[in-house]
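Just so you know, we're using the UniProt record's numbering here: the sequence shown kicks off at 1 and counts up by one.
Some hints here could point you the wrong way.
As the list claims (entries may be wrong) - Each computed BS3-like pair below joins lysine-lysine, with the alpha-carbon atoms no more than 25 Å apart: (1) K670 <-> K278; (2) K286 <-> K270; (3) K560 <-> K286; (4) K480 <-> K313; (5) K256 <-> K270; (6) K313 <-> K510; (7) K266 <-> K256; (8) K284 <-> K592; (9) K560 <-> K602; (10) K271 <-> K670; (11) K606 <-> K270; (12) K572 <-> K286; (13) K286 <-> K425; (14) K270 <-> K284; (15) K568 <-> K277; (16) K602 <-> K284; (17) K646 <-> K278.
To be clear, the hints were calculated from the coordinates, so they are not data collected in a lab.
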Amino acid sequence: MKLPLSNFLTIFKRFKLAIPRWLYAVLFVVFDAIMVMIVQLSVQRSGRVEMTSSLSASAWNIISKMWISLNFVFVLNLLIVALIYGILLMVINRFWITTLILITLSVIISVIEYMKVNVRYETILPADLNFLKSNTGNIASFLPDNAIAVIVCSIIAVLVAVIAAIFMHFVDVNRGKIVFTKDFRLSIVIRVVTCLVCFLGLGWYVSGVGTVGSSANGFAKFMGDAPAMWDSVYDSQRNGALVAFLRQVNPKVMDKPSDYNESTMKALLKKYDTEAKKINVSRKSKISDNTVVYVLSESFSNPMRVPGLQLNKNPMPFISSLKEKTDSGLMLSSGYGGGTANLEYMSLTGLSMVNFNSSLTSPYQQLVPNSSWTPTINRYWGSEGNSVAFHPYEPSMYSRSINYKKFGFSKFYALEGPNIISHRKMLDKSPYVSDSSAYDSAVESISASKKPQFVQVVTMQNHMPYRNWYKNNDFVAKAKDGSPNLGQSETSSIETYAKGVNYTDHATQKFLENLDSIDKPVTVVFYGDHLPGVYSTASADQNNSLDLHLTDYFIWSNRKAIETNKIKNIHKNTYSSPNFFISQVASHTNSKVSPYIAFLTKLHDKVSAMEPPVVNKIQGWDRIPEGQSIYLDNHGKPMIANNMNKETKQLLHDYRLIQYDITAGKHYLKNTNFFGF
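Sequences and hints are given; from them, build the entire structure.
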C-alpha cells in the first residue's frame, strides 16, 4: 500500500510545465513589481502634521500618478530592482530560485523598514548599514508593539513563497533556466555579458544619481524623482523607497581645492593659530564657562519688513526693543519657507552651504550620517553630558536623532524616543507645541545643571501651514498703498503667522526673564531660520529676493554673564549668517578663541553674511539654485566675488580648504589644536 506522501510525489513528478521564454519575461516584470510594492508598503505611515501637499497613505499613489500626472518614478524603482534581479538571475541561472531569494530579501527589508518607520518615523538610511554592523545589540530599539505579529506574518509569507518556488522549480521542465543553449561556452558568454551590462547600469545610477548635472541624476529627474529630503518617510512614499535610499548613497560633497594637501593645511593651521593668539591678548573669558543657548525659532522674522505688506501693529515689540540694547541684526538665510536643517547645520558647525557642491542640498541627510568626523561647536563644552537639545516634534525629522548623537549631545528631548520633552502644550487649535513650552523645558534643564552647558533649542510653533489656528487674532494684514493686493488665502495665512510671532515674542520675553534670574552666566543666540512661505505676492517680484531671505537675530546675556564677562560693547544692526554665530558669541562674551574661531572672526570682518544662491519659493531639495553665491558687506549690500580684494578672496579660499578637509578630505586638522576642543 502506497503512503499518501508517495502518491503526492508520484503526481508531483508526472506534472510538468514547459514554460516559454516570453512567459519568463512577463513573470520577471510581475515579480519585479511585487518586490517593489512589498518594500513600498512598509513606508505607508503619515506624519504627525500634514505640512506640505496632501499625501495619500496608500502605496497605490506611486502607481496611479503615472497616468494622473505622467510621473514615472514607479518605473524607475522597477528598473532598479530589474537590474539587481538581472544580475542575480545571470549568476544563478534559475528563475524560481532567484525570484525566491529576492522576494525573501524584499520581505526582510520591508519588515525592518516597517519597524523603523513606525518606531522612529524614519526610513532605512545608508548610515544604518554601519549601525547594523557595529550596534546590532540595539536593534530592539526598532521594534514596535506589534513586532511579533509582523515577524510571524512575514515568516508565513516567506514559507508560502518557498513552497511555491520549490513547486515551480520542479514542475518547470527547464528547471527555471533562463539561458540554455547546446554550446556551454556561448551560454557562459551570454550570462557574463548580460550580468556585466546590468552591473554597469546599476553602478552608473548609484554612483551618479546623487550628483546634480550627471546623466544618472538627469534620468532620475526625467522619470519623476522629486526629492523631499526633510522627511525620509514622505520622500520614500513620494519617490519610492529604493530611489530615496540610493539618492543618498554617494552624494557629491565638494570639489577638491587644487592646492589641498597636508603641507597646505599645516600652513593654514599655523596662520590662524597666530591670529588666535593676537585676538586672545585682549580676551579674558572662556566661552565654555558660560551656558550658551542656541534658539532656532521656526520661521521667525518680522513680517513688517516684507515689501508691499502692511500690518496694523508690530507683532514682536519686545524683541524689536531688545535688539536696540544688545548684539543683534539681520541674518541672511539660504531658505524661504523651508531649509531649517541647513541653517541649523551651519550654526552648529561654522561651515557654509556656499562651499558645498550644488548636489548637497541637505547635509543633515546626505553628509552627517555617514561622516566619520563632524566637529561641532558644542564640543567646546567638553563631555557629552554638557550638551543637550530640545525639539518638540518628531526626533527623526532631518535625521536629528542620528546627527545629534554624532555631534556629541547626551540628551535629545523630543515628542518621541527615550527622552520625552517635558512641556508639550499647544496654543488654541495649533497642532504644534508652543514656544513657551519649548522654553520651559530648556529652562528646567539649565536650572538643574550646576555645570555650564551648550543647549540647542529648535522650536516648532510657527511652522507651516498657517490655518487660522488662534482665537481672538487681532492682527490685520493688507497691501501697502500702490502695492499689489493680497489674496484671501495669503492674507489669512499672514495674519495667523503674525499672531504666532506675537506669541513667540511674549514667550521669549518670559524665557529671558527666567534666565536672568539664574545665578550663572547664560548667553542666548536667538535667530529665525527663514521666512514663512506665505508671501506669494511679494515673492512674485524677484527684486524682493534679498528681503525675503533676511531674518531677525540677537545675542543676549543674563546679568551674571554681563558681570562675569564684563560685556560692554553692543553691535546693533549687524548682518550675519549662522556660520558666524560662534565667532560673534566669543566676541560678545569676551572669550578667547581657537584658530578656527579666529578664522571665522577674521572672515566675518570682511564678509558679513554668505549663503548660496536663493530663490523666492519654498525650499526645494532638487539642488542648490544656480547662480552666484550671495555675499553681503557690513551694510547689507551684495558683494561681487570677482571684485573682492586679495585678502578676502584668500579667506574664502581658506574656508573651502577647511570645509573640504572636514567633510570630504583626509582630516589633516583632526588631531591638531585647530578647533581647540
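Hints, one by one, checked against the model:
Proposed proximity of K670 and K278 is supported: the alpha carbons are some 23 Å apart, at most 25 Å. Distance check on the hinted pair: K286 and K270 sit about 22 Å apart at the alpha-carbon level, within 25 Å; holds. About 14 Å separates the Cα atoms of K560 and K286, which keeps this hinted pair within 25 Å; it holds. Restraint check: the Cα-Cα separation between K480 and K313 comes to about 14 Å, which is no more than 25 Å; the hinted pair holds.
With a C-alpha separation of about 21 Å, the suggested pair K256 and K270 falls inside the 25 Å cut-off, and the hint holds. A C-alpha spacing of about 21 Å is found between K313 and K510, which places the hinted pair at or below 25 Å, so the restraint holds. Between K266 and K256 the alpha-carbon distance is near 17 Å, which keeps this suggested pair within the 25 Å criterion. For the given pair, K284 sits about 7 Å from K592 by alpha-carbon distance, which is consistent with the 25 Å threshold.
Our distance criterion of 25 Å between C-alpha atoms is broken by K560 and K602, whose separation comes to about 28 Å. At most 25 Å may separate the alpha-carbon atoms for a hinted pair to count; K271 and K670 meet this at roughly 16 Å. Taking the CA atoms of K606 and K270, the gap is about 20 Å. The hint holds against a cut of 25 Å. Restraint check: the Cα-Cα separation between K572 and K286 comes to about 23 Å, which is no more than 25 Å; the hinted pair holds.
Taken as a hint, the K286 and K425 pair is broken in the structure, with Cα atoms around 36 Å apart against an allowance of 25 Å. For the proposed pair K270 and K284, the alpha carbon gap of about 22 Å is at most 25 Å, so the pair holds. At most 25 Å may separate the alpha-carbon atoms for a hinted pair to count; K568 and K277 meet this at roughly 22 Å. Note on K602 and K284: the hinted pairing holds, with a Cα-Cα distance of about 19 Å set against a maximum of 25 Å.
With a C-alpha separation of about 21 Å, the suggested pair K646 and K278 falls inside the 25 Å cut-off, and the hint holds.
When each numbered hint is compared with the structure, violations occur for hints 9 and 13.
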